[in-house]
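Enquirer: For the record, the sequence lines run as chains A and B.
Each residue of the first sequence is one higher than the last, beginning at 25 in the working numbering.
Each residue of the second sequence is one higher than the last, beginning at 2 in the working numbering.
Derived from the structure by calculation, the hints contain no laboratory data.
Please read these numbers as outputs of a predicted model, since none were measured by experiment.
C-beta: ideal position from N, C-alpha, C; glycine also.
It cannot be assumed that every hint is accurate.
Said to hold, decoys possible - Straight-line Cα separation of at most 25 Å, SDA-like style, residue types lysine to any residue; simulated pairs:
id, chain 1, residue 1, chain 2, residue 2
1, A, 102, A, 123
2, B, 71, A, 66
3, A, 48, B, 37
Claimed, not checked - Not close to chain A: a few residues of chain B, all C-beta gaps over 12 Å, as computed:
id, residue
4, 26
5, 38
6, 50
7, 63
8, 84
9, 87
10, 93
11, 94
12, 101
What the hints assert, rightly or not - Selected chain B positions facing chain A (Cβ under 8 Å, derived; list incomplete):
id, residue
13, 25
14, 32
15, 100
16, 102
17, 105
18, 108
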Amino acid sequence: DAGVIQSPRHEVTEMGQEVTLRCKPISGHDYLFWYRQTMMRGLELLIYFNNNVPIDDSGMPEDRFSAKMPNASFSTLKIQPSEPRDSAVYFCASSGARAGELFFGEGSRLTVL
Amino acid sequence: GEDVEQSLFLSVREGDSSVINCTYTDSSSTYLYWYKQEPGAGLQLLTYIFSNMDMKQDQRLTVLLNKKDKHLSLRIADTQTGDSAIYFCAEKNVGSYIPTFGRGTSLIVHP
């Protein structure tokens with residue numbers, strides 16, 4: 025199994041630009057999570073999906089952030105317009121195991137100048 | 002709400018044992034997890050313990066659970082430089098698919 029696949033691994037963009045992060049979960053997993061990690065705030069849950077349906081987006085910081093899951097094998101997290109304070113590592117994780125353990129991707133490191 | 006607390010740093014000498022501690026507040030926690038994050042990588046599940054267990058051992062790793070004190074620990078025997086990483090404690094209660102993570106403990110292994 026290839027695990028959770030995220031792209032891009034690194035993104036450097038200028039303030040005001042649109043950023044799209046992508047995630048392919050592990051096949052057969054029915055939960056998908058988007059997290060953000062920073063030194064200041066640690067690991068924050070942004071949104072999670074169950075069977076492609078968004079269940080809780082209360083962690084999404086602002087309307088500039090949106091996430092979609094058009095099918096079971098693909099999800100996107102979009103930031104429009106991006107701001108320097110959005111600089112962080114964004115992780116996608118999926119789960120389908122009875123014990124609820126999460127399988128994380130390698131992360132997308134976003135730098136907004 | 003749920004809260005998971007960990008110390009931020011732990012420094013040990015290579016070959017010694019490391020003990021990383023975690024406390025949690027949710028008395029209905031059913032699963033407790035330890036994840037490892039190496040530099041530039043995502044979190045990787047190391048092990049988990051179900052709340053009806055007191056101890057779980059897996060090679061160099063030993064997890065101890067004290068439900069009364071809501072205290073979880075991870076012991077790494079014969080710590081190696083490759084064990085240097087951030088270790089996250091997490092808990093999840095029955096009926097939820099959302100684990101609550103601690104801030105992580107940075108383990109530094111020096112020669």
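Enquirer: Hint by hint, say whether it matches the structure.
Expert: Results for each hint:
1. 102/A to 123/A: Not OK: residue 102/A and residue 123/A at ~30 Å, beyond 25 Å, violated.
2. 71/B to 66/A: holds, 22 Å
3. 48/A to 37/B: Given pair residue 48/A, residue 37/B holds - Cα atoms ~21 Å apart, limit 25 Å.
4. 26: holds, 17 Å
5. 38: The claim is violated: residue 38/B sits with its nearest Cβ about 8 Å from chain A, within 12 Å.
6. 50: Residue 50/B is in fact no farther than 12 Å from some Cβ atom of chain A, at 10 Å.
7. 63: holds, 19 Å
8. 84: holds, 19 Å
9. 87: Since the minimum Cβ distance to chain A is about 10 Å, residue 87/B lies within 12 Å and the statement is violated.
10. 93: violated, 5 Å
11. 94: violated, 10 Å
12. 101: Check fails; 9 Å does not lie beyond 12 Å.
13. 25: Violated, because the Cβ-Cβ distance from residue 25/B to chain A comes to roughly 15 Å (cut-off 8 Å).
14. 32: OK, holds: residue 32/B within 8 Å of chain A, min 6 Å.
15. 100: Cβ of residue 100/B sits 7 Å from chain A, so the hint holds.
16. 102: Residue 102/B check passes; min Cβ-Cβ to chain A is 5 Å, inside 8 Å.
17. 105: holds, 7 Å
18. 108: violated, 16 Å
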